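*Asks:* One-letter residues, chain by chain:
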Amino acid sequence: MSILVYAEHDNATLKGVTLNVIAAAQAIGGDITVLVAGEGCAAVADEAAKVAGVSKVLLADNAAYTHQLAENVAALVAEVGKDYTHILAAATTSGKNFAPRAAALLDVGMISEISSVESADTFKRPIYAGNAIATVQSSDAIKVITVRGTSFDAVAAEGGSAGVETLGSATDAGISSFVGEELAKSDRPDLTAAKVVISGGRGMQNGDNFEMLYTLADKLGAAVGASRAAVDAGFVPNDMQVGQTGKIVAPELYIAIGISGAIQHLAGMKDSKVIVAINKDEEAPIFQVADYGLVADLFDAVPALQSQL
Amino acid sequence: MKVLVPIKRVVDYNVKVRVKADQSDVDLANVKMAMNPFCEIAVEEAVRLKEKGVATEIVVVTVGTKAAQEQLRTAMALGADRAILVETDEAAQPLGIAKALKALVDKEQPQLVILGKQAIDGDNNQTGQMLAALAGMPQGTFASEVNVAEGKVKVTREIDGGLQTVELNLPAVVTTDLRLNEPRYASLPNIMKAKKKPLDTVSPADLGVDLTPGIKTLKVEPPAERQAGIKVASVEELVDKLKNEAKVI
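Chain order of the listed sequences is D and F. Counted the way numbering that gives the first Met the number 0 counts, the first sequence spans residues 0 to 308. Counted the way numbering that gives the first Met the number 0 counts, the second sequence spans residues 0 to 248.
There could be a bad hint or two in this list.
To be verified - FRET-style restraints, in silico, Cβ to Cβ:
#1 D/SER168 with F/LEU217: 40 to 46 Å
#2 D/LYS194 with F/GLU235: 20 to 26 Å
#3 D/ALA156 with F/LEU217: 31 to 37 Å
#4 F/VAL30 with D/GLU117: 46 to 52 Å
Think of the hints as simulated: they come from the structure by calculation, not from any bench. All values reported here derive from a predicted model rather than from experimental measurement. Glycine included, C-beta positions come from ideal geometry on N, C-alpha and C.
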């Protein structure tokens with residue numbers, strides 16, 4: 000078994016989710032090669048070489064890969080990946096963007112967002128918004144897979160001593176180009192990596208009231224998320240959305256405030272270790288998954304909670 | 000320009016699905032079916048492009064059973080001009096569907112293909128990207144804004160951490176995210192008119208594609224049930240439980 004793991008990074012540092020993907024690769028078993036594609040990203044390759052369990056790092060440093068455009072990255076992954084039995088990427092917007100394209104170029108099916116490894120060709124993955132778990136088996140020569148990061152414990156970032164090999168030529172497909180990006184700035188931990196997540200829903204009533212959650216989050220070192228209702232109402236930007244169509248989180252503690260608990264939201268957070276729900280409607284479905292439920296007006300409960308911590 | 004919109008018939012998103020006792024699949028007998036919500040957004044975007052005078056013809060297509068005609072009629076009631084059903088009883092997977100769509104792209108020569116970003120049954124999020132690869136087209140996935148101008152399409156994409164804008168040469172593939180638009184409802188007169196619009200049926204063999212799934216589903220189980228929780232009476236009790244019982248703060 001030889002496994003190619005696609006490294007997620009911002010051209011400066013390796014993103015934490017890559018360590019979870021390497022953990023999934025270890026569960027499959029075999030030689031693990033990490034592919035780092037980007038521009039001016041040699042530091043990322045050095046970082047990847049130190050990760051426990053990695054035997055080789057391939058570095059594709061070229062302007063064609065600066066913004067991870069799917070057309071160029073998928074062509075690279077399909078070219079490099081044809082000598083491997085497995086190609087793994089994180090189930091992030093980046094992984095979801097290029098991995099199916101690479102699979103089609105290799106003429107193989109793809110398995111999205113695996114949550115566990117049963118054997119080298121058999122995996123479990125959630126379907127129907129997490130309401131069912133399918134066990135699937137691939138007979139393809141190359142298995143192209145995206146990995147749900149929160150389902151695998153990260154491997155150690157230190158302890159490895161892999162060699163870095165630089166890949167020569169790169170091709171720019173020339174059919175797409177990067178125009179610009181707008182990234183939301185936040186000093187709080189990343190939503191998908193935070194140990195504690197506090198989310199607000201429609202019950203927050205407006206965007207200003209989210210300040211209460213930010214203050215509480217800073218006290219707990221938590222990230223702040225939101226339900227789709229809060230995002231659609233314009234309270235907060237959409238990259239804060241937790242759910243089937245937003246981010247999947249599995250923190251140690253998830254506090255749902257003013258969130259009813261639609262199945263699409265539950266799909267994004269029900270693997271959290273401890274779930275707390277604060278809602279004034281005692282019939283809200285969120286209470287069916289909450290370990291601790293408090294039926295109360297959030298405008299009384301949140302300040303009280305803050306003063307007690 | 001011509002716009003091709005592939006759609007999918009799926010279980011209605013309000014239905015809470017149950018797993019069959021023999022664990023072969025989820026139980027879809029007598030369950031309400033509908034057009035996948037992301038596909039509705041794709042149809043809406045195509046119709047808006049036509050209303051702006053950018054698109055001249057909208058062809059809606061699906062790969063599925065005869066019953067999927069119902070969703071094609073819905074799409075035509077929303078504004079699509081004609082429909083193609085690739086009829087099969089096989090539960091086709093994204094790669095097979097993408098190959099069938101590639102054959103239709105070769106035939107129809109659309110300038111833009113708009114799909115939903117994922118279907119809410121398989122949650123794969125693969126078909127658009129695979130079609131783009133097979134057709135050699137650029138892709139604008141998870142689109143929250145689409146602007147067509149001068150032989151190119153500018154797509155604003157929802158990515159982890161914010162938004163990214165890319166420019167793609169036409170022909171291109173775009174997949175829709177939730178915030179791209181608010182789909183309209185079909186009016187009764189339009190539903191009546193849609194019954195007269197052309198709907199062609201072709202077989203996978205006509206297109207020269209094999210839809211046999213390459214990935215086998217061995218088992219479908221319900222997710223692990225969470226232990227029933229407790230209700231606490233006050234914030235004090237909650238903090239106490241989190242500190243001393245759950246030990247998470």
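*Asks:* If a hint holds in the structure, say so; if it doesn't, say that too.
*Replies:* Consistency of the hints with the structure:
At about 41 Å, the beta-carbon gap between D/SER168 and F/LEU217 stays in the expected band of 40 to 46 Å. Restraint check, D/LYS194 to F/GLU235: a C-beta distance of roughly 23 Å satisfies the suggested window 20 to 26 Å. Range check, D/ALA156 to F/LEU217: Cβ separation about 35 Å, and the 31 to 37 Å hint holds. At roughly 28 Å, the beta carbons of F/VAL30 and D/GLU117 sit outside the given window of 46 to 52 Å.
Hint check: a violation occurs at hint 4 only; the rest are consistent with the structure.
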